[in-house]
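Chain residues, written in single-letter form:
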Amino acid sequence: MNDPMTMRVANQSDDSDRPGAQAKDAIGRRQFIRGAAMLAAAGIVMIGPQAWAARALAGDSNRKRLVVVFMRGAVDGLNLVIPYGDSQYYEQRPTIAIARGGDGALIDLDGHFGLNPALASLTPMWQDGTLAFIHACGSPDPTRSHFDAQDYMESGTPGVKSTGDGWMNRVMAALPGTHSPTEAVSLGPTVPRILSGPLPVANVPLGRAAMRPIPLDNPKIEQSFDGLYSGDDALSRAYHEGRIARQKLRADLEQDMTAADNGAPPPNGFSDDTGRLARLIARDPSIRLAFLALGGWDTHVSQGAAKGQLANHLRPLGDGLASFVKDLGPAYDDTVILVISEFGRTVHENGNGGTDHGHGNVMWVMGGRVRGRRIYTQWEGLAPADLYQERDVPVTTDFREPIARVLGLHMGLPASQINRIFPGRQPESGNTSGLIKA
Amino acid sequence: MTGTQRSLHALNRLGFGPRPGDLEAVQRVGVERYVAQQLSPESIPEPGDLTRRVASLHTLRMTPVELFVEFQQPVRDADKDDPDARKMAHREARQVMMEAVEARIVRAVYGVRHLHEVMAAFWFNHFNVFAGKGLCSIWSGAFEEEAIRPHAMGRFRDLLGATAKHPAMLFYLDNWQNTAPNSPGTHGKFDGINENYARELMELHTLGVNGGYTQNDVIALAHILTGWGLVKPGGQMRAPPNFPAQNFWMRPGGFFGPFAFRRMRNPNNPARANGLIGQYGFFFHGNRHDSAEQSILGRTIPAGGIEQGEYALDLLARNPATAKHISYQFAQYFVADDPPSALVERMANRYLASDGNIREVLAAMFTSSEFWDRRYYNNSKFKTPYEYVISSVRATGAPLINVLPLAGTMSQMGMPLYGCQTPDGYKNTREAWLNPDAMMLRLSFATALGAGRLPLDRRPDDDSAGRAGLGKAGRLRPINFDGKPKFKMDPPDPAELAMTLGDQFSPRTAEAVESAPAQLRAPLILGSPEFMLR
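For the protein sequence lines, the chains are A and S, in the order given. Numbering (my numbering) for the first sequence: 1 to 438. Numbering (my numbering) for the second sequence: 1 to 534.
Among the hints, erroneous ones may be present.
As the list claims (entries may be wrong) - With a Cα cut of at most 16 Å, we get these calculated EDC-like pairs of lysine to aspartate or glutamate: (1) Lys189(S) / Asp103(A); (2) Lys161(A) / Asp174(S); (3) Lys427(S) / Asp314(S); (4) Lys161(A) / Asp338(S); (5) Lys161(A) / Glu195(S); (6) Lys307(A) / Asp128(A); (7) Lys488(S) / Glu390(A).
Hint data in this document are derived by calculation from the structure and do not stem from the laboratory. On a predicted model such as this, the values are computed, not experimentally measured, just so you know.
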């Protein structure tokens, strides 16, 4: 694991290993509930959860959403959607290949590719035709640096380092209508590169940190600042938008805690975060874009096959996404979920039972309007001569191409806007036409 | 502007805002004299406490090679099957970054060479490296110590050369791998041209994005910089063909250990004398260099070795586009987000006339009528998270034993120290930093600091109180004034705080502060619109 970004994400997302963390969280939770009660007592005008739910029920058929999940550290796409029809796959991976039959066998998808059994909970989505994969997909830039490749995938401009904003912020800017402070939500401690830019982004801290209010959540404190920012200047406007965003997020956290108190299983890890995100989206139609990142995919050593490190990371992701779809309910029809990773890994298994940095990878696309049960790819096979630099899956589909289709046919953006979001993209790379139902 | 306003303006722009007593001190000597002093930082004695504290951070005095041997090698050598050993090695390596963060913050909070400190932060950001990329985690602090601070107010060409040869920059922008195709030194991942550094060198460091260079210039510059790389600490290395063979430790296949590096730092060493080895771990790999004649920016660079690169840096540093780019960036930082073009032009002229003397360009700006124009007083520059946090702690005069809460707050606000991923550094404009979430976090920080609820006055490991106010990453925690706090520092006195800041508040702010409960008055001053700006 020589991937500092992945480690950073992992370190920040969970401090439950800290002694006393449990007790402190319990205190924090009580304080928070008290804070919420005080908020109500103070008579602060607040968009209540009920009003919010009512808005969601009333529905807004044009409110399409896009959720992006980033697997930081470069997941091994060849063991995720397995080209079991290529004999080279088994030759190149003597100890880490996923078997065709027997214990821990892959789940056949289309007679050539199979799904890692750790992702079994996604098979209903595959069966009902709302899950698709794009194989041999990735960035046209040849870098094998996590840093650069993630940067390029988030800026949306491979090879250009000076792009100041992330492509999701540019998407937000392109969406019609007035922009609300919760239009884009990031799960994590800071605004990630992909969402950074001129438009505001709401942050929902990951894991247990999500339960932690900040000093300004104390209504007495908050009220005192109102007098300072009562004007119509830019600072006052930002202040008021910030208050509204925090009130909304607080209301959601409150609902979450009520649900947990009603005997729901204690939330943990990714399922917890996706569950929270799903509830936020289902309740708040103003959320159009959401992003979260997961680390731990940089499997240079002992990645395992049907069992082991990679499977242990994939299972909670698959389970989390499956419950996310369930929690979304009808909102799934208006949602597209993209799962991306900066590059793939070597076809050949290395000397440590792992794989090294490669090139092409697999992208997942899920959603009510996705034409799924299909693998979109220009598959060249795994013979050495057909590989990129004779070692990696080539990139035959520019990652921006399927995203552009989602932005056009799902989010309803015109081609001129999409070209501004992804300047310099090679249109029509790969074979993803029909990915989104018109 | 009144006299107080002029003094406050100078403290806010040349430095990170007043500490208690600073405003009176500036008014005593006069603003002109203060500016002149700040332009000669070597004439201002640093406080002994600060000097001693910085001196106690021992990794700050280590070269990149020493840092590698002591902190990176153990990580690499740690048994893969021994997670505890690896964890320990990683923890020790993290200490290097912690010391760099501590040094930067205490210098900014306690320093009296205000302008020099601002310029150090400015230039680090201009020549940004990202501590999250591999070896930059242990080299970013050294980069600041060795390449940035010594030249922050000197000649731009010296600064440019120091950054070009520093291992942190060579690693961050990949030039250490930049190799002439088919050269004798080609091996492994050293297998071709890498344009990354050459591009940013022109686009960000010198000419600017519209500085009149072409893709062909980028490629030619990349060829010129082939072979500009790193020594291989502790490993095998090949000597360049013209290398003095009598140095046993430089013979082909010779071994580089810590002792070798001590010799390498010796200025009498012949390899140092001909510039092939830099002071801090730079090494010119002649066998990976493309020595062919090149043409950049319409000038011919004759065939040669390392001198081609030096010549190219000369050309870039003296180019009028660079003069304009640097002047614009100064004026944007010190005067206004959209600085007056007449001022930028005058500064660029001074840059060219003084052969890139940073001090002269700054002096031209600080004596301009634009800098002192009323319209730029306390309304044109919205503080970055770094400036907001540092100026807050300065204004309160709070004791600062533990910098973690401040570093954590900066991260939470999206501006982690040494944590900017992209080579263009953080922006300093209102557009970049004013957003709803930012306001919520600033006011939360103002409340915690103003109410004495940040554990700044105790070591993080002294007792549980050190981290009681903060999560693992130094996050801000809620405050409940009704409960009994787990720890408390003496909160700043609101009247003194207002005095420190010159009591220059709008009627709206003054009224809000006066009508607030006593414990919220200092938070309100720190959270006021006036204090968001500089």
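Hints and how they fare:
| no. | hint | in the structure |
| --- | --- | --- |
| 1 | Lys189(S) / Asp103(A) | violated, 40 Å |
| 2 | Lys161(A) / Asp174(S) | holds, 13 Å |
| 3 | Lys427(S) / Asp314(S) | violated, 27 Å |
| 4 | Lys161(A) / Asp338(S) | violated, 24 Å |
| 5 | Lys161(A) / Glu195(S) | holds, 11 Å |
| 6 | Lys307(A) / Asp128(A) | violated, 27 Å |
| 7 | Lys488(S) / Glu390(A) | violated, 63 Å |
The earlier numbered hints that this structure contradicts are 1, 3, 4, 6, 7.
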